[in-house]
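Participant: Given chain W, put chains B, C and E in place with the hints provided.
Residue numbers (the numbering used here), protein chains in the order written: chain W, 8 to 260; chain B, 8 to 260; chain C, 1002 to 1226; chain E, 1002 to 1226.
To be clear, the hints were calculated from the coordinates, so they are not data collected in a lab. Please note that the accuracy of each hint is not assured.
Claimed, not checked - Derived coverage of chain W by chain C (criterion: at least 3 residues anywhere in the stretch with Cβ under 8 Å from a Cβ of chain C; other residues may be distant):
| hint | region |
| --- | --- |
| 1 | 44 to 52 |
| 2 | 103 to 113 |
As the list claims (entries may be wrong) - Calculated cross-link-like contacts (lysine-lysine; reagent style DSS-like; alpha-carbon spacing at most 25 Å):
| hint | chain 1 | residue 1 | chain 2 | residue 2 |
| --- | --- | --- | --- | --- |
| 3 | B | Lys168 | W | Lys168 |
| 4 | W | Lys182 | E | Lys1144 |
| 5 | C | Lys1144 | B | Lys182 |
Note that beta-carbon positions come from the ideal geometry of N, C-alpha and C, so glycine has one too.
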Amino acid sequence: MLGYHQAMPVSKTIDNFNDAVADIPSGASIMIGGFGGAGGQPTRLMLALRDLGVDDLTIIGNVAGISATTHYGWREGADDPKPVDQGMFFASGQASKIICSFPVPGTTNPLSEIEKAWRAGRAEVEIVPQGTLIEQIRAAGAGIPAFYTPTGVGTSVAEGKESREFDGRTYLLEKALTGDYAFVRAQKADTHGNLQYVGTSRAFGPAMATAAKITIAEVDEIVDPGGIDAERVGTLGAYVDRIVQRKAGDPYP
Amino acid sequence: MLGYHQAMPVSKTIDNFNDAVADIPSGASIMIGGFGGAGGQPTRLMLALRDLGVDDLTIIGNVAGISATTHYGWREGADDPKPVDQGMFFASGQASKIICSFPVPGTTNPLSEIEKAWRAGRAEVEIVPQGTLIEQIRAAGAGIPAFYTPTGVGTSVAEGKESREFDGRTYLLEKALTGDYAFVRAQKADTHGNLQYVGTSRAFGPAMATAAKITIAEVDEIVDPGGIDAERVGTLGAYVDRIVQRKAGDPYP
Amino acid sequence: MTRDPAPRLSRTDIARRAALDLPDGGIVNLGIGIPALCSNLLPEGVELRYHAENGILGFSEMNTKFDGDPNIMDAGGNFPKLVPGMAFFDSVESFGLIRGGHIDVTVLGGLQVSDKGDLANWMIPKRGIGSIGGGMDLATNAKRVIVAMEHTTRDNKPKIVNQCSFPLTAPNCVDDIITDIAVIKVKTQGLFLMEAAQGWSPDDVQAITEPEFIVSDDFKPFQTA
Amino acid sequence: MTRDPAPRLSRTDIARRAALDLPDGGIVNLGIGIPALCSNLLPEGVELRYHAENGILGFSEMNTKFDGDPNIMDAGGNFPKLVPGMAFFDSVESFGLIRGGHIDVTVLGGLQVSDKGDLANWMIPKRGIGSIGGGMDLATNAKRVIVAMEHTTRDNKPKIVNQCSFPLTAPNCVDDIITDIAVIKVKTQGLFLMEAAQGWSPDDVQAITEPEFIVSDDFKPFQTA
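Extracted from the complex, chain W is given alone in its bound form:
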């Protein structure tokens, strides 16, 4: 349908994952996109951050740290390579806090790296209802400092929070949640930074891209402008600062 007019590309492409994360300082907050599991997880950016060796990180994610022990969202029993997750920053001692909705599976054995760090007093774990967490992130990106939600009323989530009635129902006041960096995974980027996702790999990525000060995208393929259909852009290039292409045949899904 689109009869394109020519325009000059503005490239945000970075050559490798190490360079893309090189300016992240100790103490930074890092939003990690996807839902949990291999699909949508920016695995190469995470590994690069681990190799960077900075510490006192706050990690913000959804399902967090359970794939390495349960294979959640990875090929069952896969060992080539073994599943990795946000737990890597707790195993390495780099992270001091995680904000997430689902840090432990129903079974206790074996313990995840996050639970181990929490038990040892090495890490704070803040558990947020998933809908509240994604809405807090969305709010940060969309200029909404706070909003009301019915979720969590009458539970421990409400402790220390303001509540208020609207039309006879009680709601909690929840605040926007920003991050210093967002790592997002998409299938395609164009050189303007527009991202295209497939299937259930979207999840937390698109909102996180809007909410962080610096957004870095890990993609399977970088294309010229026009290589993503204007109707299929899942994250606007306006939100994306850096894009890095994965190597063909990467053993990580």
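Facilitator: Frame of chain W, contents of chains B, C and E only:
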């Protein structure tokens, strides 16, 4: 990419526009999708509602009532047919109120039907900043009863509203806005009610579809499930109650 | 504690019974555990549109094995079969759908349910850490909440209680409880026993249920189809 | 009221001057009227990614005529040329982009601007009804707000005033004012005259500007490229 498994369709198809709007009572609030102009306007649903003859309607739209006099968003100078807009409900005396962001163009001559009705004291006009209006509608559909926005602080929009500081900046509390019916326009529907939009025809439609008690979609084409790519669904069928297909060759764009 | 008068149902049978309550054409979200088993146990001719929190609507069945694409997953880490009419979206949209009250039915697991319909299912206090996931949003906002769980703990303590001692997922949210021995409806007047498993009398069920329930006028044996 | 010392610039020339201030590669939203004229007046080699409130990002030029597709429009009712790398989206996303502070520059029209950077541009009080559109969101939230307007009303009354008498669009939001005779910067210390049109001295500009401005150390003639 999708290797589909077969499933039974659940059809929401209505044969004609009159039947689709037949249960709308006097006093109802009607959200009208699109942005303003022909693209995204559910013109046939609007005409059917006009023909239904109910009154005391509240119309909720964005740019409202300026196309008939200015050709805004229609082919310049078009007279075959003449542009129509939400003003039709004010010309007919059916609407007593409009909530919108842009009810009058910069020029005063000729007066729009909405401005005429307002000057004659026959209609209330509530003017809301566009970003606040769409966020109020989105909030209604997404279970958020109220949120804070920086827009409108220090202006007449703030009158009678609560304000509050977060991190040193002042924001207004704005409430969710629902409707009894939403009319949305899309290019394609499948029989589950999933909608696909093109170009700038989305605008207010997708949020309105989530916010109204009954959502009716006017589409160019109804297809079987699978006829819309799972990656290209702009409004989930979960939000859509009725779909009506336009006649081929409809003179209205 | 008396001995069971008859066998309790299997987890699959609980799920099969729960599946009977799912409305044809409805938008349904299944929690992890027993609820997830419903997906492949629907009665003949019933078609649902399953929603999963991670951003998928319209699937109706699970693949029995991972088929190689980690980008087509449900929230429980299962792999749905693709069907025509499905849609993918992000978590903002997904939880707008939930919180906005657009989910017809959710089936959730339970650790404890009170006679007021309070649900506790996200944390065992002695563990000290739990996982909320999408459960609070679903329990609070779905039009109907069915809890599918075993009737008692492993040491035969009631899970249907006067007051939940575990942290709540949401107060006053449960509509129906389907267990391995009974189907119980939560109403404002209290709990109503609707069905009991073969060989279980209302008294047998009451013996391992903490709050007193009312036996419904419509009481009947556990339905299987 | 003295006579003009020299011709004032055309609306197109105001827009051309405003276009000089738009950063290469930036995300820019143009209001209706004079601002919209900027789109086809960019300096050679500068590429912008225009945003329009109705859900389009990445266009860079307008079609001079309606090309038959009402589904490809900007918020002003103009018809953008399609370019590679553009994207379509709905109004929720569009105003998330604006309100979230992701617009680099917006160029808006003005009825009045005060020396504190208050902007009034949505209603003429004697008309009693106006149109806010996306203007309040843009003025309040864009990283930089440029107002492009005539320096005075038709009867030569100042539009740059001590206090706006018209309803405000947003207080304290304007960074730069570009008129048919001057370029003025709004700083916390007050207004700074940066440029004046050919034949206009600072005193000539001051004579039809209500608040006293400071002549910048960098004062120079109106830039054209």
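Participant: Decide, hint by hint, whether the structure agrees.
Facilitator: A quick look at each hint next to the structure:
Figure legend: the region 44 to 52 of chain W, annotated as covered by chain C; annotation consistent (4 residues with Cβ-Cβ distances under 8 Å, at least 3 required). Interface restraint, the region 103 to 113 of chain W with chain C: holds (6 residues with C-beta to C-beta distance below 8 Å; minimum three). Only pairs whose Cα atoms come within 25 Å are accepted, and B/Lys168 paired with W/Lys168 is accepted, the gap being roughly 22 Å. Among the hinted pairs, W/Lys182 with E/Lys1144 is consistent with the structure: their alpha-carbon atoms are about 22 Å apart, no more than 25 Å.
Between C/Lys1144 and B/Lys182 the alpha-carbon distance is near 22 Å, which keeps this suggested pair within the 25 Å criterion.
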